[in-house]
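Trainee: Spelled out from the first residue to the last, the chains are:
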Amino acid sequence: MNPPPLLLTEASAPGSAQVHLQVRAASADGPVLAEARLAAAIGLAVPRFWFHVGCTVHASTSLGLFQRQRTLLLGNDHTGASELALQGAAGEAAALQLALHGALLLLAQQRARFAPRLLAELPGVRDAAGRSPFWDGLVRHFHAGEPADAARRGGEHWRAGVAALLPRQPVYTAFLGAEVQAAIAQVPPEALALRELLEHAGLRYGHHVCIDDGGPVLEAETDTVPAVAGSRQWLLAAPDEAAAQGTPHWLLAGADGQAARALRAPAVVHADRLVLTPASARLLRLAAGERVRAWPGQAG
Amino acid sequence: MPTPPDTDYLFRAARPDDLDAFERIAAVSAVGITTLPEDRAQLADRLARSSAAFASNDDASGEEIHLFVVEDGEGRVVGTSGIAARAGFHERFFSYRNEMLVHTSPLLGTSNRIHTLHLCHDLTGVTLLTSFYIAPEHAGTLAPQLLSRARLLFIAAFAERFSDRIAAEYPGLADDNGRCPFWDAVGRRFFDMDYPQVERISGGRHKAFIAELLPQAPVYVPLLPEQAQWAIGQLHPVSELPFAILQDEGFEADTYVDVFDGGPVAEARLAALRTVAGARRCAWHAADEPAAGGHWQLVAVPERGDFRAALVRGEPAAGTLGLPAATAQRLRLAADTPLHAAPLALAGTEPEETA
Numbered sequence: 628m629n630p631p632p633l634l635l636t637e638a639s640a641p642g643s644a645q646v647h648l649q650v651r652a653a654s655a656d657g658p659v660l661a662e663a664r665l666a667a668a669i670g671l672a673v674p675r676f677w678f679h680v681g682c683t684v685h686a687s688t689s690l691g692l693f694q695r696q697r698t699l700l701l702g703n704d705h706t707g708a709s710e711l712a713l714q715g716a717a718g719e720a721a722a723l724q725l726a727l728h729g730a731l732l733l734l735a736q737q738r739a740r741f742a743p744r745l746l747a748e749l750p751g752v753r754d755a756a757g758r759s760p761f762w763d764g765l766v767r768h769f770h771a772g773e774p775a776d777a778a779r780r781g782g783e784h785w786r787a788g789v790a791a792l793l794p795r796q797p798v799y800t801a802f803l804g805a806e807v808q809a810a811i812a813q814v815p816p817e818a819l820a821l822r823e824l825l826e827h828a829g830l831r832y833g834h835h836v837c838i839d840d841g842g843p844v845l846e847a848e849t850d851t852v853p854a855v856a857g858s859r860q861w862l863l864a865a866p867d868e869a870a871a872q873g874t875p876h877w878l879l880a881g882a883d884g885q886a887a888r889a890l891r892a893p894a895v896v897h898a899d900r901l902v903l904t905p906a907s908a909r910l911l912r913l914a915a916g917e918r919v920r921a922w923p924g925q926a927g
Numbered sequence: 013m014p015t016p017p018d019t020d021y022l023f024r025a026a027r028p029d030d031l032d033a034f035e036r037i038a039a040v041s042a043v044g045i046t047t048l049p050e051d052r053a054q055l056a057d058r059l060a061r062s063s064a065a066f067a068s069n070d071d072a073s074g075e076e077i078h079l080f081v082v083e084d085g086e087g088r089v090v091g092t093s094g095i096a097a098r099a100g101f102h103e104r105f106f107s108y109r110n111e112m113l114v115h116t117s118p119l120l121g122t123s124n125r126i127h128t129l130h131l132c133h134d135l136t137g138v139t140l141l142t143s144f145y146i147a148p149e150h151a152g153t154l155a156p157q158l159l160s161r162a163r164l165l166f167i168a169a170f171a172e173r174f175s176d177r178i179a180a181e182y183p184g185l186a187d188d189n190g191r192c193p194f195w196d197a198v199g200r201r202f203f204d205m206d207y208p209q210v211e212r213i214s215g216g217r218h219k220a221f222i223a224e225l226l227p228q229a230p231v232y233v234p235l236l237p238e239q240a241q242w243a244i245g246q247l248h249p250v251s252e253l254p255f256a257i258l259q260d261e262g263f264e265a266d267t268y269v270d271v272f273d274g275g276p277v278a279e280a281r282l283a284a285l286r287t288v289a290g291a292r293r294c295a296w297h298a299a300d301e302p303a304a305g306g307h308w309q310l311v312a313v314p315e316r317g318d319f320r321a322a323l324v325r326g327e328p329a330a331g332t333l334g335l336p337a338a339t340a341q342r343l344r345l346a347a348d349t350p351l352h353a354a355p356l357a358l359a360g361t362e363p364e365e366t367a
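So the protein sequences, as listed, match chains F and D. Going by this note's numbering, the first residue of the first sequence is number 628, and it counts up by one from there. Going by this note's numbering, the first residue of the second sequence is number 13, and it counts up by one from there.
Only chain D is shown next, with the shape it has when bound in the complex (with noise of 0.2 Å):
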């Protein structure tokens, strides 16, 4: 099936009869995004929960999901993304942070430096970017980049309902079978258990629970089999380019790491993303179809009830973007409907480029 052109992705706030398009996500994304459960009934849930969140008027309490889609020319649900407002409303959050310790010994005129993982609770509180799929077929399209980015404009225009940290989890290296050398060589000696059974108890509260009995005390990484040290940090395969949409924005994964597959945990302030920073509020007139070669730039309809965004080729002028009539009426605009816009930060363009 030829892929539709990139101006014709709509992203938007799920629905409760997205369900069958979810159900469907979350049996093929079976690696990856831990954060959607297979069941039908907690997937109802969740869009019922992200349904309440879009449309509360109440102060955030921090428990609220947010649930997006991407859906193609047809209307068609091709990628799923989402918010957590807060990191450990429910549970605590635990994640292993990168620390390096340099022990001497003056005595036998030698030092030494020491790769720990300490078990900390830093990411509570943390937004969290969640449940990002994208159907393969429409990876190579700019969907996932609408799909990702467009979130960040969401929580830049509500910012009040969100923290000012942002972070990510992503998948930690296993083989097809599910052995997880970080896994093996850390959780493994705890709880007589292969990591895919794990993963299992872990996708509802219970990963807290097995958390909790972790060691206390830091990870010295040097015990550690090569395999697992290697590991720590690594990225699963499956999710390099969500990751990659991030490491573009200005995530960076340096700290943290998952506690049990030791994935890369992507973390950054809110103000300093590349789509946030070059936010702008700008009002809309109707154009032609611009030229392709402009710059891509993402177009959102700031209404928390009903947000969605799109892309565009072209830039605001005096404050006003010009829209082709098909993004306009896939954006359900009005004359006078205000606008969010930020430039399409891809890799290796610069975040300020002017023509």
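Just chain F, same shape as in the assembly (with noise of 0.2 Å):
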């Protein structure tokens, strides 16, 4: 017996900008084993902050001298962006890619409430107790305290706080230590998986850092993204167990209605139209005639 299929369902706040869709295992109303959060446009109301990571050459014909020199620039160069935010249990890889890929879905099935930009912030490196090389070798000189204080201090927005705090011309990183510079953009080993994801998903470092731990930003061009430019919208044919079992999987997304479900389930065109199982229609709440958004997935 395989073990039940995993259902992302949509439980955002009402009323809320925000998409908040959950990743369950379908047979029962189990624990949350990931999620994703979906912003339609970033730093709008309260400015975000990241650190550009650019490069100077210094360069000297005369005196024989060529280096490539790391800067951070502080800058709201992502505001207006999409944002996605996922998080996920440990070792709940197939969990935490439906929540990606729901998310991606019902971007694409709502394409015009997003922006033409769509990112996602990872997590810093930490040492074993837990600090961030970043944070106390380059933001705690400007903000003398804990990230976590910073949190408390500042609600949602803390980051803000903090970077009015920051330097507001270019940093060479050489003056920063070298654990400082071994973790710019770098993520710790937990959260490698995520990374791997997402940059699998079409999205990709684009010198950018967050600046509270220098974890790298993620970024694609919304219309680029495969399982945005690869899904479509299909009319569902009458579930037929027979004609679906056993063919591909696709990841399926309830196209209309109020709550976004999706899961990844064997799927079949057949008259242009889709063939679900029923319970995948089951789980989806759609029946014959409705439409369903469908990505067949990635080539690999």
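FYI, nobody ran anything at the bench for these hints, they're computed from the structure. Ideal Cβ placement from N, Cα and C applies to all residues, glycine included. Don't take every hint at face value.
What the hints assert, rightly or not - Label pairs and their computed distance ranges (CB to CB):
(1) D:Pro118 to F:Leu819: 32 to 42 Å
(2) F:Ala716 to D:His133: 34 to 44 Å
(3) D:Asp266 to F:Ala717: 36 to 46 Å
Claimed, not checked - Sample of chain D residues at the chain F side, in silico, Cβ under 8 Å:
(4) Met112
(5) Thr116
(6) Leu119
(7) Ile126
(8) Ala229
From the two separate chains plus the hints, produce the assembled complex.
Mentor: Right, here's the structure in full:
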């Protein structure tokens, strides 16, 4: 017997601008295994800050010198972008993947609501004691305190409060300790799977890092993300256990209606309609003649 | 060797035949006067340029250097000093300017003062005091006072040839092996060289080359190691005496530091300097050697091609200063030679002190 399928459901707070998606085992009202949050446009009410990781070349032919210098420049480069935040319980790679792909299908389905640019922030490295070398080696010199204190005092937008204290001019990373430099745009081992997942989904490091821990910001042009570009709406044929069973898995998401639902399940195209198993249709709460957004997935 | 009485020292323009003395001094003053090259040919060139500057009747261009010496009663050169008419004439003149920024975060309810260093050319065109050296055995006399301050009378007397802003660079902290905490924390990150190596190549025209490769963005001082932070504006002990003389004159060193070693840059408005403010034209008359204990007076013969100065006790009265025969002879005075005189503003004395 296969394990019960994973089901993504929407848990957005009523009236919230942010989409909140949760993944659980479909069979029971069990624990949340992974979550995705999708914001349509960030930094428009309270500014958001990132460091741009730049490069300056110091060269002198007369001194025989050629050096590449990395710089950090504080800015609001991603203002107005859409943001995806993913969280998953350890070892729940499939749930995390469903949360990610479900969010991307929802984004594709409501494309006009979201921005041309999509980003996802990843956590920065921590030492064994949970301390961020980036915070300790850079931020702390401008804000003497712990991130947790700043978060407690500043609330939801505490990073903007920290940014107000940070250097406004480029910081040459040569002035920072080796452990700080090594932490720039790196993720801790436990976030490597998440990073790979996002990269596989089409997001890339674009030389921006988070201001508090130096974690990388992955970004993409929304319309080039495979799950956005490659998914489309289908009309549902009547569910058919025999026709759909054993065919390749698609990512399926309810196209219309109130709350988003998504899962990965077998599907097959027949007469320009998509055929699902009755169980899948039931989980998606869709009937024949209704629309589903579906993505056959990436090659490889 | 006992030092001569302070009245025996003579300040005068350097001459090409002072080359041996300059070479000797450049060799012993390894740290501190990077403006004196150790190379004899280069020194000869400096002296030639200086002589030309003293003799020239052309309008000043700004590239002039004027070198001076102090000789003891026997005519031996025991110290040197100089003036560069305009900083940044041949190449860009770099300094770090100290700035304080206050960052506030209303959201977190905190604010923070941040010390930054900004690479700048603010001192371009400023007249620089250079090349100060006094033989150690004369450091405890008034010779260094004469050597440093008589330059200011020269500048004041020929003010059209100089800037009204005067500055002097002083060496920053470094240990005996040449390890320089400021360099190690700042410059070294951009040039993988030890400080002595940099000093060697920066003696010539390379100083601006190197400075051009420093970060153009401000240096955020809190990011530097503590030792380097502490070294900013700190004076190398070798220059305590000349630095103290300029401080007594009214120079301040809060704004600028050297881009390489973080040493202080003293600067002032010419007119505000105590020697310049206190300078008066006067005539002279023969007088007996005055009693010890009177106030010291700098006396200069304001001839541009043959500037000379000495120290005497006494004060001008009714526009004339009494000078003993020995001083008049040393300064080669004729009966009607006009003088400039200024009270010697020693530490702890008031500039306008009157008897």
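Trainee: Next step is simple, just say for each hint if it's right about the structure.
Mentor: Status of the hints after comparison with the structure:
no. : hint                             : result
1   : D:Pro118 to F:Leu819: 32 to 42 Å : 38 Å, holds
2   : F:Ala716 to D:His133: 34 to 44 Å : 59 Å, violated
3   : D:Asp266 to F:Ala717: 36 to 46 Å : 56 Å, violated
4   : Met112                           : 14 Å, violated
5   : Thr116                           : 7 Å, holds
6   : Leu119                           : 3 Å, holds
7   : Ile126                           : 7 Å, holds
8   : Ala229                           : 4 Å, holds
Checked against the numbered hints above, the structure breaks hints 2, 3, 4 and satisfies the rest.
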